[in-house]
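Working from the sequences, and respecting the hints, build out all of it.
So the chains spell out like this:
There are 2 protein chains.
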Amino acid sequence: MSEHQKDKVSSVERFNQLSTTLQDTKKTLNTALEEIKVLKSSVESKEQNKDRITDLGKEITALQAQVNSLTKEWRKADPDRLHIDRKEFDGLLNRRSFVIPSFEIYGQTAGLYDYGPPACAVKTNVLNLWRQHFVLSENMLEVDCVCLTPEPVFKASGHVERFTDFMVKDEANGECYRADKLLEEFCDSQLSDPNISQTLSDELTLVKKHIDSYGEKELGQHIVKYNILSEAGNKLSDPYRYNLMFSTPIGPTGKITGYLRPETAQGIFVNFKMLYDYNGNRMPFAGATVGQAFRNEISPRSGLLRVREFTLAEVEHFCHPDDKSHPKYDSVKNVVVKLLSREAQTAGQAASEQTIQQAMANKNILNETHAYFIARTQLFLLECGVLPTGLRFRQHLSTEMAHYASDCWDAELLTSYGWIECVGIADRSCFDLEQHTKHAKVDLTAYELFSEPKLSTTIDANLDKKKMSTLYGKKTGAIIKQVNSLGQVDRQAYKSKLESQGQVNVTIDDGEVISLNKDVLTFTEKQVRTNGRNYVPSVIEPSFGIGRIIYCVLEHSYWVRKTIGGADEEKGVPRAVLSLPPTIAPYKAAVLPIQHNDKEYIKVTNQVISNLTKNTISYRVDTSGQSIGRRYCRCDDIGIPYVITVDSQSVDASDASVTLRERDSCEQLRVPIHEIADVIAQLVNHQTSWNDTKEKYPTQKQTASEQVGKGK
Amino acid sequence: MSEHQKDKVSSVERFNQLSTTLQDTKKTLNTALEEIKVLKSSVESKEQNKDRITDLGKEITALQAQVNSLTKEWRKADPDRLHIDRKEFDGLLNRRSFVIPSFEIYGQTAGLYDYGPPACAVKTNVLNLWRQHFVLSENMLEVDCVCLTPEPVFKASGHVERFTDFMVKDEANGECYRADKLLEEFCDSQLSDPNISQTLSDELTLVKKHIDSYGEKELGQHIVKYNILSEAGNKLSDPYRYNLMFSTPIGPTGKITGYLRPETAQGIFVNFKMLYDYNGNRMPFAGATVGQAFRNEISPRSGLLRVREFTLAEVEHFCHPDDKSHPKYDSVKNVVVKLLSREAQTAGQAASEQTIQQAMANKNILNETHAYFIARTQLFLLECGVLPTGLRFRQHLSTEMAHYASDCWDAELLTSYGWIECVGIADRSCFDLEQHTKHAKVDLTAYELFSEPKLSTTIDANLDKKKMSTLYGKKTGAIIKQVNSLGQVDRQAYKSKLESQGQVNVTIDDGEVISLNKDVLTFTEKQVRTNGRNYVPSVIEPSFGIGRIIYCVLEHSYWVRKTIGGADEEKGVPRAVLSLPPTIAPYKAAVLPIQHNDKEYIKVTNQVISNLTKNTISYRVDTSGQSIGRRYCRCDDIGIPYVITVDSQSVDASDASVTLRERDSCEQLRVPIHEIADVIAQLVNHQTSWNDTKEKYPTQKQTASEQVGKGK
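Protein chains in written order, with the UniProt record's numbering: chain A, 1 to 712; chain B, 1 to 712.
Hints in this document: simulated from the structure, not taken from any laboratory.
Don't be surprised by glycine CBs; every beta carbon is placed ideally from N, CA and C.
Hints should not be assumed to be uniformly reliable.
To be verified - Below, computed lysine-lysine pairings styled on PhoX-like, alpha-carbon distance capped at 20 Å:
(1) B:603 / A:328
(2) B:333 / B:363
(3) A:328 / B:599
(4) A:155 / A:441
(5) B:328 / A:603
(6) B:518 / B:465
(7) B:338 / B:8
(8) A:235 / A:181
(9) A:465 / A:475
(10) A:614 / B:328
(11) A:217 / A:235
(12) A:599 / B:328
(13) B:27 / B:72
(14) A:363 / A:454
(15) B:209 / B:235
(16) B:87 / B:562
(17) A:328 / B:614
(18) B:123 / A:123
(19) B:8 / B:76
(20) B:8 / B:87
(21) B:466 / B:518
Unchecked claim - Just so you have them, the derived chain A footprint on chain B, three or more residues with Cβ under 8 Å:
(22) 106 to 117
(23) 149 to 162
(24) 267 to 275
(25) 605 to 618
To be verified - Here are the computed distance ranges between Cβ atoms for each label pair:
(26) A:254 / B:188: 28 to 34 Å
(27) A:320 / B:656: 32 to 38 Å
(28) A:615 / B:382: 19 to 25 Å
(29) A:174 / B:155: 23 to 29 Å
(30) A:450 / B:303: 39 to 45 Å
(31) B:303 / A:212: 43 to 49 Å
(32) B:215 / A:172: 47 to 53 Å
(33) A:76 / B:441: 54 to 60 Å
So this is what it looks like as structure tokens:
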């Protein structure tokens, strides 16, 4: 963790300490309040205890002030929030066009956001890294599937029936709300009142913890109990299920109902056979896909974290339901992860750090493949620039699991809004393939060859058709059909009965019961060798919300630099820095010519640019003519790790060097023009470090106007 | 052009020659038919000309055979079709899972296709190349915008009213058809009849040429004229306008109408101000965006070429409407392009090759920016692997232009279906920004500083309000309002009148006419300096249909290798090859261990793989245990340019080399294991050529089973 990111995450220990102090102080306050109440209970008592009442009054005032200041401190130390100034941070995202409400010029439509140039470049980089980390390194089979989906697919997957949220409506004006979010907001607003009673505080803390598991009944009961009203102050309807899928008719007749997919996974499931075939019918293997998904959220809030259209990157790893081992498990078994298991949550315990191997031994994680993807997800998120202390894996409670999941661990990232689910790693078992097999009436199985052929006993039924036709005439056909349709279990029973009682009864199509004896019917046992069998594969699914990951990485990489003077400071521009890893940063380099109209400077600038392009290093040129300090700030704002300045020495043929500035330390070196692109390429590709680079090139002294402060 | 691609495109000359021969032969045939008709006109004549009739009969039979075979040859030489066996080609796309109808297990929904692993990888590569070629090389501002769009946006852009096709309905069963496609299919089926009369052939050829420009009236008239019926043989309705946008309500109340965007461009237009600001208020600049677009096609045919969901990559280059010069124009002015101008089409001429500079001089292309993007588009398409002879730029006829375009050139690629529009390069002038300014009531202008301040005269109106209130009492206010609202032209006229006649009349709100004289009203002229002005920028838009480009590149790179023997030949697998450029190929390399269960082979294979991964070279491993020839074929099928074979020499420590095979030539070299990844990286990144590599490493002799034939 670098210096500037230290204070953003608070420790659980400090928070717990503050909680205890706060509660003790509240208790002392309550005792004093009780005492003063008793003392003031009658005119006589008041008169008798005058002095004590005065003292107590002073004490109470002091205690109340103490409770208030402790509450503030306690809230600030919340380990479940990232401590950044969100107003300033949002200001940065807006000022540098990271994110814009879509169609803002027409007034915003809630839940839709566009990415401006820097965020768009970050997104491309995150997706490239994802493909490198998952698809290419693991030889996954990536497919590209459409968003428009005909209804039968989501009927089979269960989404038409069960992909719902609970909605309540303002009975007067028709405004819609998500019942659970409304209840949660109510809890939050009550809990933030420092004078809330301990009883109500405990009650609402418990309610808040269990909201995700409430059904429509519980939600309705709580809304009535706490008399929660709409924003306009009106009564609310009972909660009811509302489907989150956008629907649109496909084709000109309007007869085919279509949905915009709410997840990209189904594209892989319906193509299972093609992928299995492409993989040479070998198991296990993983499919992967990247694309847009759509959810018609009831009332999207929290800015970028709950939106109606978003990019998902999903992996479906198909394996044998009885063997979820992973060939590369050993490579991750010593990775340390912070886990918040179902049991820990129920017991009110905090997340605990353990190795993947320990988590498997504890039976926190149930199989190697699930464990493998939890570890690989952590490695990916850290490469994206997530703070290690701001990452945990939380297991779903059995009540909050999606309808298709048998187990699920979310990678949650800490933000100023709290812990946010960014990756869901679910064991979908055989649910989806079984559902599609049933609904589409196709075979979606894999074939397994037994390690050695298995022997099993089967019972053949032998009928003397000639004798039967003499005895039963026209009914013979119906009898034969009935006997042949008997399963192995029935045949065993019939065989025993025939042997013990000499005859058995069969019921033919028209309901008539016919007796058959050993003359016409016998059963013989036979040994059969089978080499293998078909089975429905199980699925482990890591599903990445790309937009959420980007948002969290931006919060995690954000800090404010202490300024140390210079001409620009008065202008009130905050010295924000995004310490994004070079892999993710929107541009790897910026080029700033001190003079932007001078021919010589333009020549050197073009020379530098052309070398950067040859090394496929993305860059921005800033020829705005503003002060160099101001321009450095603009680069820091969008997280450009390396800035090249073309100055008077650069245009002096006897020197021909440029300044190279590192974003986080503000350190500057002088590097020859013809080497600069190579140096940056090596830094960006992790072939060298900044410290090693510093040893190779002379340091550049900063002029006053270039100084924008180092560290905090 | 490489050897194998030569025969796929026919020359216009050869086709014209064949056309002439065919027409001449038809004429001779007609003359003979006329003559025999006359000779057979009466019994006497028949009797008298018996011998001549016999001779003529023989001659006619021969001529008819000649017409038939010439027609076949003529059709094969069609320069407007790519000559590949489409059935075989489609078989390859299916066999190797390039493309699958979406949700095929549920029966296909027309117009929706998924990309399997190889096509998905090709798509990622094409988009990366696009970003490199346009966004990064040109410092464009890429944005990422949502698909869901509220109605007001597409009302402003004109899509709600005008983004329509003409539809006809089967009046009996309600089946829908696109009127123009129905007429086109009718023309095609008639024209393919060798016995069609010359008159009808000429007529339908003309109709086909103008279909794109027909409105509902002309389409209806032709459908009636040729008695075109539905597939079921029923009568069709009159053509009517059908909007191609998918609509879906946004939010839970159902009150906000949304559309899935039919183009991605609007995301850039509505964000114009943000981009202009991000660019430091400097012009010109270009926005870019990549994403899904949706069109609810009436009855999608032609497989991958007309689909309901597709990926677009669009550039919007904003420039001054009076100055569409491009700073980098000089770098492309000598590029030779094949242009089919509006004039050439009207005159029935073929496309002509010319340099960009010539096309500008001829006024075929009207401005530098339009010309620049035509050239850059060509360079991009050629890098993607398009055949130079299979690319042309066709200008839209004024009747077929989209409602927003003032000029448009399509990059068309030759396919087995004919010439297909893959990139539209439109001059959208100021249409979109003006529309959004009007509808959203916001300022979407750029500011230009004049090279020197401009002086202009304005006329001020001076009123003596004190005198007026004495003269006009309560009406004074209305008079002042009226005078102040006069424009500069009116003020000039009033001034002259007041000077010549001593008084002027003004009409106030209630209709009363009031006379004013010089005592209360005077006009004075004033010189004003203006430094610049706001203007609505013009837009040049290159819009790339990524799916179409991929399909065409696959057709262009496809050929069938002549086999020269070997064990696999009997199995009837066609020896297809996709000669994709390495940049675009789904994987750059394949690794084939001859033994897939032997520890030593596995060790070497893993060593090779690990080196490839370090060099970020994408690869597939084929351990299927099939013959090496068979496995080479599989690699050729999906266009893998380089194949590494791990054989007995590879596991021999004293040798430790692998075989490197080049896809198009089938040539094989022996390369040391520790050098193989570097060699491939250099080949793929164009740092060395295959010929240079051949000089550095010894040739590997092929064994019989590895031989799959070289060239044709």
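Here's how the hints hold up against the structure:
| no. | hint | in the structure |
| --- | --- | --- |
| 1 | B:603 / A:328 | holds (16 Å) |
| 2 | B:333 / B:363 | holds (14 Å) |
| 3 | A:328 / B:599 | holds (17 Å) |
| 4 | A:155 / A:441 | holds (14 Å) |
| 5 | B:328 / A:603 | holds (16 Å) |
| 6 | B:518 / B:465 | holds (13 Å) |
| 7 | B:338 / B:8 | holds (18 Å) |
| 8 | A:235 / A:181 | holds (16 Å) |
| 9 | A:465 / A:475 | holds (11 Å) |
| 10 | A:614 / B:328 | holds (18 Å) |
| 11 | A:217 / A:235 | holds (17 Å) |
| 12 | A:599 / B:328 | holds (17 Å) |
| 13 | B:27 / B:72 | holds (17 Å) |
| 14 | A:363 / A:454 | violated (32 Å) |
| 15 | B:209 / B:235 | violated (25 Å) |
| 16 | B:87 / B:562 | holds (18 Å) |
| 17 | A:328 / B:614 | holds (18 Å) |
| 18 | B:123 / A:123 | holds (17 Å) |
| 19 | B:8 / B:76 | holds (10 Å) |
| 20 | B:8 / B:87 | holds (15 Å) |
| 21 | B:466 / B:518 | holds (14 Å) |
| 22 | 106 to 117 | holds (count 9) |
| 23 | 149 to 162 | holds (count 4) |
| 24 | 267 to 275 | holds (count 6) |
| 25 | 605 to 618 | holds (count 3) |
| 26 | A:254 / B:188: 28 to 34 Å | holds (30 Å) |
| 27 | A:320 / B:656: 32 to 38 Å | holds (37 Å) |
| 28 | A:615 / B:382: 19 to 25 Å | holds (23 Å) |
| 29 | A:174 / B:155: 23 to 29 Å | holds (24 Å) |
| 30 | A:450 / B:303: 39 to 45 Å | holds (42 Å) |
| 31 | B:303 / A:212: 43 to 49 Å | holds (46 Å) |
| 32 | B:215 / A:172: 47 to 53 Å | holds (50 Å) |
| 33 | A:76 / B:441: 54 to 60 Å | violated (44 Å) |
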